[in-house]
Amino acid sequence: MAAVFLYAAYTKLREPWLVFAMSIDAYQLLPEWAVLTLGRTIPWLELLLGLLLAAGFALRYTAAAAAILLGVFFGIMAHAYAQGLKIDCGCFGLGEPISARTLLRDGILLAACLTLVFLAMRPRDLARARHT
Amino acid sequence: MRNAILLLALLAATYALPAAQVKGRGAPGAPVQLDVYSDYQCPACKALYERTLVPLIADYVDKGKVYLIHHEFPLPMHQHAMEAACYACAASRVGKYEQAGDVLFRTQDSWAASGNVDQTVCSILTPAEAQKVRALAKDPAIIAEVQQDIQAGRNANVSSTPTLILTHRSKQYRVPGGASYDILRRFIDQLLSQ
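Residue numbers (the working numbering), protein chains in the order written: chain A, 1 to 132; chain B, 1 to 194.
Derived pair list, reagent style SDA-like, types lysine to any residue, alpha-carbon separation capped at 20 Å:
#, chain 1, residue 1, chain 2, residue 2
1, A, 86, B, 180
2, A, 86, B, 76
3, A, 86, B, 153
4, A, 86, B, 79
5, B, 171, A, 10
6, A, 86, B, 160
7, B, 171, A, 96
8, A, 86, B, 165
9, A, 86, B, 173
10, A, 86, B, 78
11, B, 171, A, 95
12, A, 86, B, 159
13, A, 86, B, 77
14, B, 171, A, 16
15, A, 86, B, 44
16, A, 86, B, 156
17, B, 171, A, 13
18, A, 86, B, 51
19, B, 171, A, 15
20, B, 171, A, 93
21, B, 171, A, 92
22, B, 171, A, 17
23, A, 86, B, 50
24, A, 86, B, 181
25, A, 86, B, 157
26, B, 171, A, 11
27, A, 86, B, 75
28, B, 65, B, 191
29, B, 138, B, 124
30, A, 86, B, 47
31, A, 86, B, 150
32, A, 86, B, 43
Keep in mind that the hints were calculated from the coordinates and are not lab data.
Please build the complete structure, drawing on both the sequences and the hints.
Written as structure tokens, this is what we have:
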């Protein structure tokens, strides 16, 4: 999961931030100020989450934040797909249209992240007892 | 001798046909080039044309900052798109490419339902121009020109319309077709400032 977030951040940060802003704008959901704000901040948020996940730091909260972010992305993509918008996903740079395949992929990532949240949220005593 | 004459005749016939034209507007040496692949029957392309390309032409293309090149990319799902592309290319031979594109996009709802591409394009032509365009629209050279555009699009991994490819200092950026003009304008300004 850390690698996914780090790669997502890399594909966005290697291009001018306005390229990602335009892919957000293509969803036609947000006003310009929100598009510009998210265009600037989401790649860095993904980078931070990727680093925290890789380090295993505060895993409960980091995994939960990652799951929320993925859940929002997945919901917006599904909405755009249902609306018939022929736009790029924007998940890992441009050139990847939203399709059943990208929805399946992101759905699997979301499920994996939710599993990570579940595992991270388990009480430590219970986890220790199972290992003894 | 006979072969030489035949070769000369073939060359003469080739050069007699109007050469395929790059459908560009603005200064070819502009710092930014925008290649647009679109389909005249595509609603998203109509929206792009009206909300983005028209102001872009006024603010950037006609001021020498952006060189805009239009490529035909009619999609198979649109019944009259190929015919519309052929008519637009034919109109380019009489110097009316932009006018043809404009009327096709602005009245898309009408001719997409009726299939009356001919009447739509010829409405902005003189009778003499209309006669010439009607003939050219069925010319294999014009059809080949549209096919060349389609192939060029496929080579550039274009699979849907509209697709915009922005080039600045040899670096290409795919611009989402649904992006608003205000955001695109900011991006172009950022590139021009570099």
